[in-house]
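J.: Those protein sequences? They're chains A and B, same order as listed.
Its first residue numbered 836, the first sequence is counted upward by one per residue in the numbering used here.
Its first residue numbered 17, the second sequence is counted upward by one per residue in the numbering used here.
Note that these hints are calculated values from the structure, not bench results.
Hints are supplied without guarantee of correctness; some may be wrong.
[What the hints assert, rightly or not] In silico lysine-lysine, DSSO-like type, Cα no more than 30 Å apart, as pairs:
1. B:Lys216 to A:Lys1374
2. A:Lys1397 to B:Lys462
3. B:Lys462 to A:Lys1381
4. A:Lys1277 to A:Lys1413
Treat the numbers as computed from the prediction; the structure is a model and nothing was measured.
Residues per chain, in single letters:
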Amino acid sequence: MGELARISGPLIVGKGMKGSTINEVVKVGDGGLLGEIIALEGDEASIQVYEDTSGLKPGDRIERTGAPLQVELGPGLLSTVFDGIQRPLYVIREKSGDFIKRGVYVPPLDRKKKWKFTPSAHAKKGGKTAAGDVLGVVQEMDLEHKVLVPPKFGGKIDKLGGEGEYKVDEEIAVIAGKSVSLMQKWPVRAARPYKEKKRFEVPLVTGRRILDTFFPIAKGGTAAIPGGFGTGKTVTQQDLAKYADADVIVYIGCGERGNEMTEVLTQFPELVDPKTQKPLMNRTVLIANTSNMPVAAREASIYTGITIAEYYRDMGYDVALMADSTSRWAEAMREISGRMEEMPGEEGYPAYLGRKLAEFYERSGRVECLGSPSRVGSISVVGAVSPPGGDISEPVSQGTLRITKAFWALDSNLARRRHYPAINWLKSYSLYLDDVSDYYAKNVSPEFMPLRAKAMEILQKEAELQAIVQLVGPDALPDRERLVLDAAKMIREDFLQQHSFEEIDCYTSLKKQFLLLKIIMHYYDKANAALSLDAPLDKIVSISEKREIAGLKRAPEQGFDKRISELERSIDAALAPKNFQKKQAAE
Amino acid sequence: MIKEYQSVKKIFGPIVFVEGVEDAAYNETVEIILPNGEKKRGQVLESSRGLAAVQVFGETTGLDTKSTRIRFKKETLHIPVSDEMLGRVFDGSGEPVDGGPPIISKEKLDVNGMAINPAARAEPHDFIQTGLSTIDAMNTLVRGQKLPIFSTAGLPHNDIAVQIARQATVKGEKTDFVVVFAAMGITYAEASFFMRDLEKTGALQRSVLFLNLANDPSIERIITPRLALTTAEYLAFEKEMQVLVILTDLTNYADALREIAAARQEVPGRRGYPGYLYTDLASIYERAGVIKGKKGSVTQLPILTMPEEDITHPIPDLTGYITEGQIVLSRDLNRKNVYPCIDVLPSLSRLMQLGIGPKHTREDHGGVSSQLYASYAEGRDLRNLVAVVGEEALSERDKKFLAFANTFEHRFVTQGKYENRSIEQSLDLGWELLASIPEEELKRVKPEHMEKYGRKYRK
Chain A
836 MGELARISGP LIVGKGMKGS TINEVVKVGD GGLLGEIIAL EGDEASIQVY EDTSGLKPGD
896 RIERTGAPLQ VELGPGLLST VFDGIQRPLY VIREKSGDFI KRGVYVPPLD RKKKWKFTPS
956 AHAKKGGKTA AGDVLGVVQE MDLEHKVLVP PKFGGKIDKL GGEGEYKVDE EIAVIAGKSV
1016 SLMQKWPVRA ARPYKEKKRF EVPLVTGRRI LDTFFPIAKG GTAAIPGGFG TGKTVTQQDL
1076 AKYADADVIV YIGCGERGNE MTEVLTQFPE LVDPKTQKPL MNRTVLIANT SNMPVAAREA
1136 SIYTGITIAE YYRDMGYDVA LMADSTSRWA EAMREISGRM EEMPGEEGYP AYLGRKLAEF
1196 YERSGRVECL GSPSRVGSIS VVGAVSPPGG DISEPVSQGT LRITKAFWAL DSNLARRRHY
1256 PAINWLKSYS LYLDDVSDYY AKNVSPEFMP LRAKAMEILQ KEAELQAIVQ LVGPDALPDR
1316 ERLVLDAAKM IREDFLQQHS FEEIDCYTSL KKQFLLLKII MHYYDKANAA LSLDAPLDKI
1376 VSISEKREIA GLKRAPEQGF DKRISELERS IDAALAPKNF QKKQAAE
Chain B
17 MIKEYQSVKK IFGPIVFVEG VEDAAYNETV EIILPNGEKK RGQVLESSRG LAAVQVFGET
77 TGLDTKSTRI RFKKETLHIP VSDEMLGRVF DGSGEPVDGG PPIISKEKLD VNGMAINPAA
137 RAEPHDFIQT GLSTIDAMNT LVRGQKLPIF STAGLPHNDI AVQIARQATV KGEKTDFVVV
197 FAAMGITYAE ASFFMRDLEK TGALQRSVLF LNLANDPSIE RIITPRLALT TAEYLAFEKE
257 MQVLVILTDL TNYADALREI AAARQEVPGR RGYPGYLYTD LASIYERAGV IKGKKGSVTQ
317 LPILTMPEED ITHPIPDLTG YITEGQIVLS RDLNRKNVYP CIDVLPSLSR LMQLGIGPKH
377 TREDHGGVSS QLYASYAEGR DLRNLVAVVG EEALSERDKK FLAFANTFEH RFVTQGKYEN
437 RSIEQSLDLG WELLASIPEE ELKRVKPEHM EKYGRKYRK
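So that you can see chain B by itself, here it is in the shape it has in the complex:
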């Protein structure tokens, strides 16, 4: 039986304390009925005999301690799921905002999901071609991976994410990715950019959007990514679809978490974020992968903005410890008019080894990638040296590396927003640029690959 209480004792920020509740369950969903009849949703954070703390997903404006009613629903938060969700737009709490009918389905799933049994996971190894050389050749994305974009305010992370969503294909397969998009606290302009672009390329029909915009209630952001991921898991593991989940912006999500922690007067960890930020972020990021015996997959592309490009800030830092690598955007490259402004040096894809090589891409892939890294890193170091001693002081050899770093940025990294390079094109381009470096310096590539792929570019 659903019980209703009219005994709000205290309202503190986004948290409501309800008295006289004997058996509110942890994480139970509640409905909050305001004096004016408006309804809001909430969730039990803490419960003891006689008192329950409830976080409200929405503004607490209008709540009072006299006539506000709280209804405990006897279940955790669930979302109805069906494949009719494709092509639809929802708000951050899962209500349709595109004028369409609500989703009616017998299947309702707990938004918190369950951990995939590590013994049930299949090794991710299907190479996803994004058409971007810096990703495909040097930070290869594979199906089932979670690879975040570390960006900074003012950088074109949205363009890059959309370009990946548009171009992503798995070699040898015709099916396109289904895109599940969760916006947390981004502006209307950014959200409509995603929608317009998906619409233009016809991808909207195979997308599900959950939008919590900057002016929507911040606490709602706690559930938005969970709704998106529950939908994604359903489409992938029940409906056998290949799902690409774009989550943006995780920084706003973490801030919402901090807001609740502060309201509960918890002992803060670094920069005021709660001590369990790692565990909480993991409960989002870990919902990616491939399961043995199932055809579908969930690949995640979360986006976060680092304050002042500070990669040691708790959000990028903890994210980097959970995700399988990171794509780091650089303001310096952006200033040099390099698009996509991906700085390959701090970028990494941990699952790259699984998705490259003769079985997946090409035999020379590992060597070329490693060589490009080493040579570019050396060129970048020399730039610092040049700043002190001048270019004249460099040896002939060093001058070549210096020049390589520049061509690398302007030819290899740079590409058009609609330029879709195949992996072969990217690797060949790598060999072409490496031709400017003396052969004895190319220790990372195998001699036989040099003969087969690189020789033709060397005069």
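So that you can see chain A by itself, here it is in the shape it has in the complex:
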């Protein structure tokens, strides 16, 4: 037991703390506010407190718990909302009202709820078992929740409970003398173990045309979305949470707006997963530590989120984790570091910022899980970055870009003209293209990636031509280049622009993405051919089929391929050589 010696904001210094360890959780003052030891010197400990510290004073007692900051992992996580240190916010509301009071603790997982456990056919009493082996299953929402032998456990199964209803803390098995229940605890700052990392093969399909077609992320990969305010980071993150084809979504609202969390909480139960037709909330775990909630808990929220993600990965599921925003997380570190009077690095951030960012993103990946039966699980991490003034030369953006392999550059100029998603196609990149191209060739079409390359070339060419247009006006360009501008405009408006709030446009399957791009490129090829026959450009670019192409993104998926083939024929007819040859003859 120690006592408080000094306090400044969320940071306190405790005396008489000899014997305590780094990252140990302590309880401070009469309210028992939770804190974590982040530095030790002699018998003094620096402690970051996860709650508002108003009213704490020198002499208040500090009680050690002997354990690091842990989360509870077990059935009941899905569709729940936690704060940064895994307090269930709905239960907290029942207990303490609409405003978050201090010192209110309830266990993260419901202790009263019973879950139906079915033992696995492989697990037998008296048999041998190892960490990660599936002991049985529990149905959690729409997911088959696998009950695993916890890491560091293993040996003879002394006891295995039969099929039946269990509470999360009831014993279901005894392994080598150690009791196992549906729930396990894990320290958030340590990565959970796996057998080995595997290479990326499968894309995380998001239904966003600019992402899937142009800058895909692989399952198990990492992506960064940096952008100034109002460019659509949060909308993009929420869209991914809604439509990404993952089994479990972990959404971390880290130091962001309360009303945004509410949007997720209100909309997700009503929206359905395009794949399973089940409410989106059923596969989502939400961590909400809004900007006005304590800054130390904000620092912890990222770790709480990724640990939960790892838990579901270990069952062999594909997990997608959205962190919005990692800049607020970095700022929390900066604030604590400043209060500890550490020597600041760049822009006041602690010198270990880059390492912390790297450690976090490295917990992503596609892995062969521990235990049997053998399973492959993945965590894809998408981190939003909020650079001051939208300038990504700052430390958090740069630290992030060094690790993440897909970069989706949000652009305030696009946002201002309401071109959404405001992702700049010239600045963005994805290093997963090679990894997923086989998948695209096999599952969509071998033509897909070549088509993408061609479309990208047109967009690139457009940027060059725009520079000339700015100087001399569009009329000075030769017809062939004006046709490039025309095609680029179609790609931008009829393909890249996508409306998040419109019923059909909000989600486009890979197949439809391919066909949509194909028809635009088909028009471009035919128009080029027509130009070679001296057809007048004005006539080419004003064919009525273009208007139909513009409406295609709002067209239903069903019967889409038929519509495309009809439209192709119709374009062929409209731009057929004979139309123009006749004309020439007449002239």
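With chain A held as given, fit chain B onto it using these hints.
T.: Only chain B this time, still in chain A's reference frame:
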């Protein structure tokens, strides 16, 4: 027991260090009694055994290290609240300045408030009609939102804020908004403009004003917005009122914060502002919203002035990351005699999607808004091109967009200070102006809406 100390060790800017204090609590309120008997208020910033750092809300003139007495009050800063505060005027630290009696109430609330549990928030979706087309049609404000005005010195942000306060209504409801107004470091002239206007329209009876003027102590500005928001939360969530909070000018608030940080010799962040400016601003802006099961709401309209229209300056930048959008005023438009000089392109309302559409405004709202944005943006781009190549070099199509940008500014954006347009009028005006653009260019509006609302304006 309240303890009193006469052991000031050091006075450094707005911060007083008191020796011999064993157990001053963080954020505890203190009373400072000057040698001449005058009393001031302060708050504990940092405390250790034997030493407490106290920030003084007021001038430190007259303080000394010999006979100044410090009284630790054993509680954090609280404000008495009641609905009798309506119609009253207070100074920046909550004392009445209108000659009326002090507020006596059993209910005293901590001015720092508590965070609304995200699970208790209700989704804001009630459309607020402000009567300004640029806001209603293009940057829709909803109840419970925080939407700041980004302005620059010399622009009519006060007129716009007052016009919104005067005209704001929720469709289908009769109750008027209650206005809580917090002035931080603005001039007497500006403050009296607000008061006069509120009085003229009879809105003063349903307003609460907290005034910290330019010549009032700067450190007091740290608590002024918190007093206002605590009052607003009380009126909204205890008394079921619809509250509109106007905070002006947040730039002065941030400067006061910087002053304290500098006095404490903290490591400065960008432009000398403390590294925790984001967290601190969030503790103000996040105090807006709607709570499930409660009828009232807090909507915030903070005003800040950007130095030289620099939107990347830390104050507008961090604000933009916290608030749900921003209304940006433009000196260019102001020069062109456009009132309200709202530049819609950098402006944004993040909650717009929740408050528009058939259930709230009209089915064509989203499409019209998006189309106006796209067309105006194109027109503005062409202005740059025209500056280089001349208007003659433009195609017929481009000339139409160029002309559209001008009519948009002079007919859609421009309106009178007392002109209160309904949302239907604003949308119809949008369709009318869009009629000058070739139909195949209108990709953002649905064809059926074009038939229903837009066709009649096209010849």
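J.: Against each hint, give a clear statement of whether it holds in the structure.
T.: Do the hints match the structure? See the list:
{"no.": "1", "hint": "B:Lys216 to A:Lys1374", "verdict": "violated, 62 Å"}
{"no.": "2", "hint": "A:Lys1397 to B:Lys462", "verdict": "holds, 23 Å"}
{"no.": "3", "hint": "B:Lys462 to A:Lys1381", "verdict": "holds, 16 Å"}
{"no.": "4", "hint": "A:Lys1277 to A:Lys1413", "verdict": "violated, 38 Å"}
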